[in-house]
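Assemble chains B, C and D onto chain A, guided by the hints.
4 protein chains.
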Amino acid sequence: MTANGALRVAVLGASGYTGAELLRLAADHAGVEIAALTAERRAGEPVGAAHPHLAHLGLPDMVAIDRVDWSGVDAAFCCLPHGMAQEAVAGLPSHVRIVDLSADFRLRDAATYARWYGGKHRAPSLQKEAVYGLTEIRRDRVRTARLVANPGCYTTAAELPLIPCLEEGLIETSGIVIDAKSGVSGAGRQAGESGLHTEVSEGVHAYGVAGHRHAPEIEQELGEAAGEAVTVTFTPHLLPMNRGILATIYVTLRDGAEAGDLRAALARRYRDEPFVRLTPQGQAPATRHVRGSNLCLIGVFADRAPGRAILVSALDNLVKGASGQALQNMNVMAGFDETAGLPRVAVFP
Amino acid sequence: MTANGALRVAVLGASGYTGAELLRLAADHAGVEIAALTAERRAGEPVGAAHPHLAHLGLPDMVAIDRVDWSGVDAAFCCLPHGMAQEAVAGLPSHVRIVDLSADFRLRDAATYARWYGGKHRAPSLQKEAVYGLTEIRRDRVRTARLVANPGCYTTAAELPLIPCLEEGLIETSGIVIDAKSGVSGAGRQAGESGLHTEVSEGVHAYGVAGHRHAPEIEQELGEAAGEAVTVTFTPHLLPMNRGILATIYVTLRDGAEAGDLRAALARRYRDEPFVRLTPQGQAPATRHVRGSNLCLIGVFADRAPGRAILVSALDNLVKGASGQALQNMNVMAGFDETAGLPRVAVFP
Amino acid sequence: MTANGALRVAVLGASGYTGAELLRLAADHAGVEIAALTAERRAGEPVGAAHPHLAHLGLPDMVAIDRVDWSGVDAAFCCLPHGMAQEAVAGLPSHVRIVDLSADFRLRDAATYARWYGGKHRAPSLQKEAVYGLTEIRRDRVRTARLVANPGCYTTAAELPLIPCLEEGLIETSGIVIDAKSGVSGAGRQAGESGLHTEVSEGVHAYGVAGHRHAPEIEQELGEAAGEAVTVTFTPHLLPMNRGILATIYVTLRDGAEAGDLRAALARRYRDEPFVRLTPQGQAPATRHVRGSNLCLIGVFADRAPGRAILVSALDNLVKGASGQALQNMNVMAGFDETAGLPRVAVFP
Amino acid sequence: MTANGALRVAVLGASGYTGAELLRLAADHAGVEIAALTAERRAGEPVGAAHPHLAHLGLPDMVAIDRVDWSGVDAAFCCLPHGMAQEAVAGLPSHVRIVDLSADFRLRDAATYARWYGGKHRAPSLQKEAVYGLTEIRRDRVRTARLVANPGCYTTAAELPLIPCLEEGLIETSGIVIDAKSGVSGAGRQAGESGLHTEVSEGVHAYGVAGHRHAPEIEQELGEAAGEAVTVTFTPHLLPMNRGILATIYVTLRDGAEAGDLRAALARRYRDEPFVRLTPQGQAPATRHVRGSNLCLIGVFADRAPGRAILVSALDNLVKGASGQALQNMNVMAGFDETAGLPRVAVFP
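Each protein sequence line maps, in turn, to chains A, B, C and D.
First residue of the first sequence? That's 1 in my numbering, and the numbers climb one at a time after it.
First residue of the second sequence? That's 1001 in my numbering, and the numbers climb one at a time after it.
First residue of the third sequence? That's 2001 in my numbering, and the numbers climb one at a time after it.
First residue of the fourth sequence? That's 3001 in my numbering, and the numbers climb one at a time after it.
Excised from the complex, chain A in its bound form (with noise of 0.2 angstroms):
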């Protein structure tokens, strides 16, 4: 803590886009003060170099991740890519509270964990001892955590509406279809050829059908929600535009329920969420409603099939799907105000 009680913060791959939102959203929080930056292949540069947008934020230089004195940080955000987060997060000091954008510490099985992601965990104890940090669900346990492994975007976007559903048992789980629609910024700054405006501009298309790394997240949290194992079919598909989630979810009603009773369970689970919102009856969520903002957007649809209802939600993967609610984790954890540089109006049009 500085001396005016402002958390002292590092960020862990500062050079990726989950990196620059942070920096975007810490400059509006009076809470947090940027006392590290690191960036392996750019250490050495300004933010700017990387993001000519933060140049004029006064923001400290990006290092090599050894190069920091743990002595001035109080907690940090790692934005470093699957598989190199674990042992970054597994060298910090025990000082530091950690939240984890990466995949790395968000399967608590194991075994799960060696099949998708391609090889033994290598911080197996911090993998048990990490608080799956979806914060309107599991903000208890956030509160006290040291490391939080924050979601997923797509599995936030699925799990929202999906875990009050199962909760309260209003829907089968089984035949669950979630077809998720993303912006391209969720592949991150190393995209490669697939992420040229060449390649993404002007069409679509699945990737990853049935196979998709976010699949067994999903079916981990909804799981837990449902109390019995939860299989779910996934496709993700890439769209032109750099922001934005949405995923159609379609589900099967359990005897006697009906669309409405979903709404209804929705809107008691959330009605003092300040970034879960439904539509009104008849109108489906809007990626470009959510812009920018923290928002998700929860639709609830009767289908014309009997007995089966669609919830659609919606989020800006680089803010309530990433380093949104990973700022709102810390929020709680550091026990500040959660809306805290939080923005709650997308950037329309």
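Not one of these hints is a red herring.
Here are some of the chain B residues that sit facing chain C, going by a computed Cβ distance under 8 angstroms:
#, residue
1, Ala-1191
2, His-1197
3, Val-1200
Calculated directly from the structure, the hints in this document are not laboratory data.
Just so it is clear, CB atoms sit at the ideal spot from N, CA and C, and this is done for glycine as well.
Quick look at chains B, C and D alone, frame taken from chain A:
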């Protein structure tokens, strides 16, 4: 017919996007001569006033429909909006063969039409006579038809992959989920505020959830293929691109069937079709690979959830989903090479 | 003023994009309370009907302008279209201070106004009284103004780089070429066919060549800076993006002057300005680095052609080019911190 | 030549965008047969691996350049990057006629080449021999050339409008400002981070200000047309679109000349040209009206500033700005109809 055997064609409603697309394709079709163009609001104007990119083609000016000399016209494409086409088509002399691109003649059941299109059909005998023109499936009936009802863009994308699977009894007729993603041109040139760049770009939303008019059209054709009534869950989405439809279709396999059986059925059915192609195993179709062409790509995937499969189709809504299929149908009707004037290579990037 | 000292503000014409943007910014401005919103066609509707992304802010419903109780209003932003603002502003009680975002009060010469805007001004005395609100240049006059004419988006982008160079006599007053590129939101929400995604995306064109209404506004302000009449060549272009203006400005250097002198003059002029920033030597401004913020970036380049230089400026047309500068002006008028409510970090990517 | 008289063509560097575009165009060219495709990194792969949209054309696999049997090849398109083309071209047997799409043979002056491309030319005799292939201007020399240097995309857009005006002495040779706007495909498929959708969409920036390599190429050709040295101010901009170049060109009229004289000169020069068209008086060219076609549109405008005029040109950088003009040149060289395989209608919207 002209002296050199060219079909003399009129385009009704030439000022919109499907009209323009027909003119683009016809410009490279040696057997078609544009004899008349109609447009009500723009009657008297040259084509270039509505379509600068067609100004140099030496086309006739647009006129009011009652100014056309039908004795010089062999065939017509009707590009008028839903609800306006039926009376225009009913007023054409009997020697003119017609492909109607609107929804007016697609539904064979008068009551279904009235329920979804808000009123009684005003040309019920033509409605009965019209042949539904999904060319690959109905080629024989199209050949001799006087009036072809050109399928909708969403419906073409849904029916081409599903019909062979249903015909062979490989999938259940219930629980079919069609999650469709469309570019903006599908809304036409009178889209209004909802079609503005500011309202569409950098975002995605679902619309007409559980209530889109293409659902009964899909169900009619799938029902015929299955030999029993079919109810589908159909959700269209608006994407920030001009052209393209991607349909991600979730199906339940009948006992014993596997995803490979679907692939085999589709391969058999479309082996000799110039415009329907299966993507290689594991490769998902992308709309950018059909942009501007008359192709429909289909991919088949086994789902992780046992007993389920995923079909993905991609087409250009203005070509195979509208004007291209219309010209393909006219080629069949006129005895031309079915591929004449129809691009088989996408404009990419 | 409210009991806690907040300025009670009305937004006239709240259903468009500049109105929405003002409400977005005001939501984070502790000193501003939205007291009334007007919209003629949508009178009686909640804000969320026009702007779903603002539905949750607890704002008053939109009403017809004659239904506003002005005794509860201290200040107004007028977001009405050109030609409609003058009468609305003339009808406001004298205690209400106004920032008008239309072009109605920007031109001080009545004859110039009549020539470019097609008719006699209907509030000529207000036209004389109005202060042109390019904040960085006119701050002192803005402070005490009752009516501020907020500059156009193109003009702000042209004037901020050019005025210091002209004031210091570093460039010729003739031969100035301003090649400007704008996003679509500048055309407003009633853009019609020309603003459709299909007509804008994947393309670029010039418009209003040698005849755009911002030219006389630019010339008025540059002339005042230069102390002599200035004629500019100004060509706007429409680009496939929602927000942003980039102005590439070609100037002839006065004898002895070099590009470095322009840079030095700009650096001096804007050293203490929070929202105007020079890019580092050799780095061209990009609109994506100001998106959503109130920043204006300026770059200075020596041309290869001897005796010539190139200035490039970038801003967000809805923020520094409209609602942001309007709020900045209101901050000055009300004695608030000039940066209150105004984002200084772009939303990127 | 094949038995049926088709030209047997090789495409060197077939895995990029200009290679793909050549293959798209050649697919509709009855006189061309693709005999060989080369790609270094992807040698051994089928075309569909690099270009799924070309997978169904029955093309030969891509091979390393040293694996080509040149006895079966009549002509080659060289789509290799700048700097790599010169050695590849130098290594081709003398019976193979070549259109090189790189910049390697465009500059006739060895010193100018060395200054702008960072080193001595490695095939100086070929550099001398090469014919600059702006087809409409150099058709006669192209006809008999063995090696044609295909013009750059920016340069084609600048030269087509300017050359006739300079030839007729209607405009000053100094003070020409070319403000050019390009889509992303101009950067090629190896664009890297700067070509990512996230870095390009929803934004615009200038690049290579006062230092782009197309400037000396433009000056070379304009100088030849004018009969004296010409220095231009040339500023390229990157726009969020895939295809298209718009050049807005500001010129000073020679004594007595008017904008109408420029229009008349261009009309005369291009009257019989199939691919160069003047837009109607007052109508600005748009890149969307040439997308996918080999057209170049030119507009002429009187400026408000006396004695000045504005020329605007639009073309598709991958067609008339690269592969289309290359095929046009090959048509001239081979004695084919010059328009064979070249689309004259844009794909819009």
